[in-house]
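> Each chain, letter by letter, is given below.
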Amino acid sequence: MENLIINIEKSGHVDQDEINEIFRIMHTINGSSAMMNIGSISSVAHSVEDLFYILRENKTIDYDQSKVSDIILESIDYIKEKIGMIDSGMPDISDDGPLTGKIRDFISEISGQSEGQKVAAAVADGPGSAAEADDSDRTNQPGNLRAYSCVIFFEDNCGMESIRAFSLIHNLKDIASDISHSPENLTSDSDADRIIHTDGLKLRFKTEHTYEEVYNFLSQTIFLKKIELTEMTGETDDSRDDSRSESSSRSAAVLPEQNDSRKADLLQNTVNNDASGRITASHHSIVSVNVAKLDKLMDLVGELVISEAMVTQNPDLDGLHLDNFQKAARRHRKIISELQDIAMSIRMVPLSATFQKMNRIVRDMSRKLDKDVKLEIIGEETEVDKNIIEHISDPLMHLIRNAIDHGIESREERRAKGKPGTGTVTLEAKNAGGDVLIIVKDDGRGLDRQKIIARAKANGLVSRPENELTDKEIFSYVFLPGFSTKEKATEFSGRGVGMDVVAKNIGAVGGNISLNSVEGKGTVITIKIPLTLAIMDGMTIAAGDHRYTIPTLSIRESFKAKETDVFRDPDGNEMIMIRGECYPVLRLYEIFKISTSVTNIADGIIVMVENQGKCLCLFTDELIGEQQVVVKALPDYIKKFRKVKGVAGCTLLGDGSISLILNIGGLVEF
Amino acid sequence: MADVVDNELEMEEDTQKGRYLTFSLGQEIYGIEISYVTEIIGIQAITKIPELPEYVKGIINLRGKIIPVIDVRLRFRKEPRDYNDRTCIIVIEIKNISVGLIVDSVAEVLRIPDSEIVDPPQLNKGCNRYIKSIGKVGNEVKLILDCEKLMSEEELDDLNEVV
Chain V
63 MENLIINIEK SGHVDQDEIN EIFRIMHTIN GSSAMMNIGS ISSVAHSVED LFYILRENKT
123 IDYDQSKVSD IILESIDYIK EKIGMIDSGM PDISDDGPLT GKIRDFISEI SGQSEGQKVA
183 AAVADGPGSA AEADDSDRTN QPGNLRAYSC VIFFEDNCGM ESIRAFSLIH NLKDIASDIS
243 HSPENLTSDS DADRIIHTDG LKLRFKTEHT YEEVYNFLSQ TIFLKKIELT EMTGETDDSR
303 DDSRSESSSR SAAVLPEQND SRKADLLQNT VNNDASGRIT ASHHSIVSVN VAKLDKLMDL
363 VGELVISEAM VTQNPDLDGL HLDNFQKAAR RHRKIISELQ DIAMSIRMVP LSATFQKMNR
423 IVRDMSRKLD KDVKLEIIGE ETEVDKNIIE HISDPLMHLI RNAIDHGIES REERRAKGKP
483 GTGTVTLEAK NAGGDVLIIV KDDGRGLDRQ KIIARAKANG LVSRPENELT DKEIFSYVFL
543 PGFSTKEKAT EFSGRGVGMD VVAKNIGAVG GNISLNSVEG KGTVITIKIP LTLAIMDGMT
603 IAAGDHRYTI PTLSIRESFK AKETDVFRDP DGNEMIMIRG ECYPVLRLYE IFKISTSVTN
663 IADGIIVMVE NQGKCLCLFT DELIGEQQVV VKALPDYIKK FRKVKGVAGC TLLGDGSISL
723 ILNIGGLVEF
Chain E
-11 MADVVDNELE MEEDTQKGRY LTFSLGQEIY GIEISYVTEI IGIQAITKIP ELPEYVKGII
49 NLRGKIIPVI DVRLRFRKEP RDYNDRTCII VIEIKNISVG LIVDSVAEVL RIPDSEIVDP
109 PQLNKGCNRY IKSIGKVGNE VKLILDCEKL MSEEELDDLN EVV
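Residue numbers (our numbering), protein chains in the order written: chain V, 63 to 732; chain E, -11 to 151.
One or more hints might be untrue.
[Claimed, not checked] Simulated DEER-style distance windows between Cβ atoms:
id : chain 1 : residue 1 : chain 2 : residue 2 : range
1  : E       : Gly126    : V       : Ser659    : 49 to 55 Å
2  : E       : Ala95     : V       : Gly606    : 30 to 36 Å
3  : V       : Met410    : E       : Val129    : 56 to 62 Å
Keep in mind the hints are simulated off the structure, nothing from the lab.
Quick caveat, the model's predicted, so the values are computed rather than measured.
Glycine is no exception: its CB is placed at the ideal position from the N, C-alpha and C atoms.
Next comes chain V alone, as it looks inside the complex (with noise of 0.2 Å):
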């Protein structure tokens, strides 16, 4: 729904279809919520609805556009936040009134326009009086109107007959008068509920619709078992005496045979109105399954990946000459490993959902800043892991927000530079080897070069001099923690905590980022992500017995040292020197407990690992090999006891043993 007022926004008018759906849609919150008894939402939606049904009704009318997406923005946001609410099972407190109060001025400004006093000022009265001042036009045409009286029977045991018969009553303000119904009191009347249960739901009402109409109208609501529908001629129109009989032959009751279809007929319309709104939001066929079953299906597939092996380098195999069974194994390890990708592929999810939220932050940006800017989306099909979405979500939202604010200029200010008026931010995904690109691109004015430097320079950070210092090195400054170049702090950005984070938001999914810019041409930021948590490069080291995994982003060199570049502290701490650095060295097989019979520095070899600017030398036994590993957590089991400073988690290696994977982060600490 979100997207489709977005999309009416782009398109510049609103065509009768796309109204049509929002009022189906908000007409299907309303009703769920008001049968949940949610009854903010219910009226949210329900505001939303008449307006809408204004609109509808109303063809012609002048209103401004922006307006109304402004409005039911809000109203979504509104009901989006009460569903998560909702969700978490906080009760209901937050008060709807000022937006609702909110849509009804615009409603009764909008059909103040076309309709002139009476509507504003019924509109004014309450949320259900924009309706009816609707139907007050059609009391003023004269001798159209028939009356009708009818009796409704509920299902036995479909619960709340009241709130039934209320909606029922309310959706019947639509399209008719002068209802009255007994019994008169429903929402407040405990008894209701077993007097319409018994009695039946009695309605009195005028309408110009036919007897036909009516009568399908009626039969749509939900748990219904009989109407009984006459039409009272007599009491309007006497002219009209003579259809009296034929309205008692009309009068029918619904069996309940037919109304099991009706129902049926009701349920698929429901379902209808989900799937067209599904619908518009992704046009993909999907089946939702538990990630946990996706887990387990990984991890099955692992395990068959290590039990192939098994069986073809069986040692029972060796010396053997076996060409079949060499054919058959070559067969069952390429089924394996497709399957082993497709079972990867299904944690895959497109990037569309993120980047589609992203439209919304532009659009709600570029006016409040007052700037016109346009959203333009490459790539919005690339597939990323389902953990890792959830990850860069942020972070994307606030290099959006940066390029709006501080890069996209004015008009006026583009203008004078020759640019287009409005400016184009660019959302961009691309697959790249094992990784994906997304790329935030925007045409204003770009980073200011000697701004940074002296920024950088009050800050202490610039150890060289200027003319040495390359652009990109320049650039990266923005990624430290409190660097803006923004003097004031805006409602968006500029506080110098953004970039910082960014950078760590991506960091901590394993990937990177790099900012490029030519002034007054614009910036590009390129963010390489891996395209699956799941897997990941990581250097297996040998201690002793034990096999443990250092993730290959965080190693930065390995290199085998004399006994003498190695010293001590008082502390006992030993420390290394390296091109004028001084690095901390930790034994691994210390940290570990572990025996090992390598505890002489020249015999081993050592790791140099970094995490987030700080670095550290692992000693360690001997290198094994690059390779990418399936992380897997620890089990909660272990978890439980403590957080393990040290450890990441662990995986399987080839050979079915266990290799910790070392959490570099962690052990920077020891």
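Assemble the complex: chain V is given as a structure, and chain E must be docked to it using the hints.
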């Protein structure tokens, strides 16, 4: 058809009820309710994890599933003993958490009727807090373990160690 399934379920529950897997730990024979037991495997390579209590030996790879293993000897503050080919890991599952218990050897599956099971004596020593009840089979006595306590009192224990 549904009846048949129901019956089968009942049968299964019946066959599990009152049955205990017994294992030896030094001189004593312990039992655990068979419904907790997933499988019994031989001892295999255990990957150590740092910073954990001594009795948590580490993790093993059980067909792609990583599960922690506890040495029950150390858990009960008994003398550690080297593992041999009689040493077994009993994999139990409680509340969806799988844990391997390292025991000296697995004995047999016994049926102990409820009438033969008595509550443990109330002692104020911490030792029997993991014993749910005591079963009598002939002249022998089997200590029936409370698996849930075995798993859940860890933190408390941990705290005590710190203090």
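> Now tell me, hint by hint, if it's right for this structure.
Quick rundown of the hints versus the structure:
At about 51 Å, the CB distance of Gly126(E) to Ser659(V) agrees with the hint of 49 to 55 Å. About 34 Å separates the C-beta atoms of Ala95(E) and Gly606(V), a value consistent with the hinted range of 30 to 36 Å. Look at Met410(V) against Val129(E): about 58 Å separates their beta carbons, and that is inside 56 to 62 Å.
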